[in-house]
Amino acid sequence: MSLRDHAIVAYAETKVMEKSDRDVFVLIGEMLESLLDSTGVEKHEIDGLVVAGMTGTGAGNIFWPQTIADVLGLQVGFCEQVNIGGCSAAGCVVRAAAAIESGLCEIAFLSFSDTHVLEDKTDHSHTYRREWTDPYGLMGPPGAFGLLSRAYEAKYGLDYRMLGKLAVTQRDHAIMNEHACEKLRVPITIDDYLNSRMIADPIRLLDCVMRTDGGSGLLMMSRKKAKEKGLTKNIIPIGYAELTNYLGGDNLVDVTKSGHSICGEKALKQAGLGIKDIKSFHPYDDFIIAIMLQMEAFGFCKAGQGIPYVREMNFAYNGDLPLNTGGGQISAGQAAGSSENLVEAIRQLRREAGERQIKDTTNALVTGIGWINYARNWGSSAALVLVPE
Amino acid sequence: MAKALNDTLSVKRSIKHFDFSEPYWEGTRQKKLVLQRCKVTKKYQHFPRPVSIFTGRKRDIEWSEVSGKGQVYSYTVTERGPPAFRGQEPYALVCVTLDVGVNFVANIVHCTVEELKVGMKVKPYWHTLDDGTHLFMFQPDKDAK
Chain A
13 MSLRDHAIVA
23 YAETKVMEKS
33 DRDVFVLIGE
43 MLESLLDSTG
53 VEKHEIDGLV
63 VAGMTGTGAG
73 NIFWPQTIAD
83 VLGLQVGFCE
93 QVNIGGCSAA
103 GCVVRAAAAI
113 ESGLCEIAFL
123 SFSDTHVLED
133 KTDHSHTYRR
143 EWTDPYGLMG
153 PPGAFGLLSR
163 AYEAKYGLDY
173 RMLGKLAVTQ
183 RDHAIMNEHA
193 CEKLRVPITI
203 DDYLNSRMIA
213 DPIRLLDCVM
223 RTDGGSGLLM
233 MSRKKAKEKG
243 LTKNIIPIGY
253 AELTNYLGGD
263 NLVDVTKSGH
273 SICGEKALKQ
283 AGLGIKDIKS
293 FHPYDDFIIA
303 IMLQMEAFGF
313 CKAGQGIPYV
323 REMNFAYNGD
333 LPLNTGGGQI
343 SAGQAAGSSE
353 NLVEAIRQLR
363 REAGERQIKD
373 TTNALVTGIG
383 WINYARNWGS
393 SAALVLVPE
Chain B
6 MAKALNDTLS
16 VKRSIKHFDF
26 SEPYWEGTRQ
36 KKLVLQRCKV
46 TKKYQHFPRP
56 VSIFTGRKRD
66 IEWSEVSGKG
76 QVYSYTVTER
86 GPPAFRGQEP
96 YALVCVTLDV
106 GVNFVANIVH
116 CTVEELKVGM
126 KVKPYWHTLD
136 DGTHLFMFQP
146 DKDAK
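Taken in order, these protein sequences are the chains called A and B.
With the first sequence counted from 1, adding 12 to any position gets you our numbering.
With the second sequence counted from 1, adding 5 to any position gets you our numbering.
This list has only true hints and no planted wrong ones.
Simulated crosslink set (SDA-like; lysine to any residue; CA at most 20 angstroms straight-line):
no., chain 1, residue 1, chain 2, residue 2
1, B, Lys122, A, Tyr172
2, B, Lys122, A, Tyr168
3, A, Lys133, B, Pro87
Everything labelled a hint here was simulated from the structure, so no lab data went into it.
Everything numeric in this text was worked out from a predicted model, so none of it was measured.
Please build the complete structure, drawing on both the sequences and the hints.
Structure follows, in structure tokens:
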């Protein structure tokens, strides 16, 4: 058996909310209910629980996945929390497959709900921040991406209008996504992007992800079991790799480079694909420039050529390379434990995306970015290649 | 007229140290920048770690005073700071590559937005804290060649 012998047989998600009107446990319960209803799987058959660790609400509870199992009444042989920040959702898929393959469980519920606007227990105090960035007023991720952007600009030059083009494309997609956060479903122009207020110059408001609440979930099992159950709209992971603390043993790192250059190549090799074979791209987007840096790292274009590449390409759902067709996190809202772009890719490959349906659903590339480390790029990188059954 | 940057010196700072960083903070009492160096590879590392990031061993760590001079690798002007820094905006953070080959993130003082450039030479500025330690910051090094 291998990764590609496993299937995502169903997905569920809530609408993204500015602030949740119900407890996170209610969202998780709704996801379970939806997955059971859409697959005909019985609750007692679920014997694996894999929870994205990127949760503000769950952050204060060291027994978070067990608490969820208890709340849902699930008896599981595999109970796992995946803590690689914004790589967690993609990381959950491969860990669930590994658990199924090793016989620890047969049917896994992957839970990604979070209500970090309603209740945030995140604590960064036992990290470098308390001595090395908090005393200087570095404003978390926007500050770090401000430093990253300026370093990129000094090395290669930056046409901010092209970053604006990416922002507009994603916003257009969010407007077509009824699950996107309603506050963000208003059109923007490149000038709106350029004129949005500076947060950490050159990072503007419209570069940044907005924290929102929401939930999603997946159900996974072996392809063999999916077939036995008569489940047919399955999505298969065929390549995955992750990398944490890229060049962690070096003291000086070029911040325009990331671990995606390594894990992208590894995931594509496992998938048996080249980057030019990828039909839609669903990169983790905490800041607009991260999208372009990933285009370079994955080899869609060469290092330093991101701006001309963006200029020549059309990233609309019906364009050259469909990009974050649900709006991405930046235009749909950052919720649900880093899973939104993953769930959108699954929806597209199942051809359930309505008016924004991608024409070529042969495959999709989903990524993760997790954590910010000191004077570097980002802490974790992940790449996941999906195909329909 | 040059756009001024706030120096943030009026911000109340109370810093909780990790025990393995104490030699750094002790050095700042005499306005000395003391960084970790790996005895085996002779390379510096910053921020302080419990082990050498090059060999993985605690016993390979030594502490060494450095000049604190370097050049700006990157910078960002904060227009919306965290709560303790509200009202200080705009203020700058620079990521400086020190002469000894590590990057150090800190505020820069005595500098305007127009002066701030990638590649500019900088030198230490020591800001006195209530506990007798000093916070290492940067200022333009106008005498640097």
